[in-house]
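Numbering (this note's numbering), first residue to last: 473 to 554.
Hints were generated in silico from the structure; no laboratory data involved. A couple of the hints might just be wrong.
Cut-off 16 Å, straight-line C-alpha distance, at most; resulting in silico cross-link-like pairs (EDC-like, lysine to aspartate or glutamate) [stated by the list, open to error]:
1. K498 with D539
2. K487 with D539
3. K498 with D509
4. K487 with E521
5. K498 with E477
6. K498 with D545
7. K507 with D545
8. K507 with E477
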Amino acid sequence: MITIEVCLGSSCFLKGADEVVQAFQKLAESLPPGKVDIRGSFCMGRCQEGVTVRIGDRYFTGIRASDVPRIFDEFVRQAVSP
Numbered sequence: 473m474i475t476i477e478v479c480l481g482s483s484c485f486l487k488g489a490d491e492v493v494q495a496f497q498k499l500a501e502s503l504p505p506g507k508v509d510i511r512g513s514f515c516m517g518r519c520q521e522g523v524t525v526r527i528g529d530r531y532f533t534g535i536r537a538s539d540v541p542r543i544f545d546e547f548v549r550q551a552v553s554p
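With the hints as extra help, turn the sequences into a complete structure.
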């Protein structure tokens with residue numbers, strides 16, 4: 473299972489974290505159940521850089537909902553595909 477954590481701290485929330493979560497959730501629906509876990513996270517300490525997402529040990533900063541398909545395909549879909 474791949475865990476995706478999206479910072480929901482006040483700064484990230486104001487910069488669109490909710491839309492980022494929704495974009496990940498929509499794409500996760502295209503995979504079999506139990507392959508992806510999407511979680512909100514407390515502040516990741518990268519507030520100045522925009523919405524922060526953590527997938528495994530990788531951090532992505534300044535993420536917008538429009539960035540999610542590329543990140544999902546490259547770092548999530550490939551990891552869970554047989």
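Review point. K498 and D545: Cα distance at most 16 Å?
Key: It holds: about 13 Å lies between the C-alpha atoms, which stays within 16 Å.
Point to revise | Given hint E477 paired with K507 - CA-CA distance at most 16 Å | key: Distance of about 14 Å is within 16 Å: holds.
Check your understanding: Has the given pair, K507 with D545, been kept, meaning a C-alpha gap of at most 16 Å?
Key -> The hint holds at about 14 Å.
Review point. Taken at face value, is the distance from the CA of E521 to the CA of K487 at most 16 Å?
Key: Holds. K487 to E521 sits at ~10 Å (cutoff 16 Å).
Point to revise | Proposed proximity, E477 with K498 (alpha carbon, max 16 Å) | key: Between K498 and E477 the Cα gap is close to 15 Å, so the pair holds against 16 Å.
**Study point:** Proposed proximity, D509 with K498 (alpha carbon, max 16 Å)
**Key:** Given that 16 Å is the threshold and the Cα spacing comes to 12 Å, the pair holds.
**Study point:** Straight-line alpha-carbon gap K498 to D539, limit 16 Å
**Key:** Distance of about 13 Å is within 16 Å: holds.
Review point. Taking only the CA atoms, is the gap from K487 to D539 under or equal to 16 Å?
Key: holds, 14 Å
Every hint, counting from the list given before, is met by this structure.
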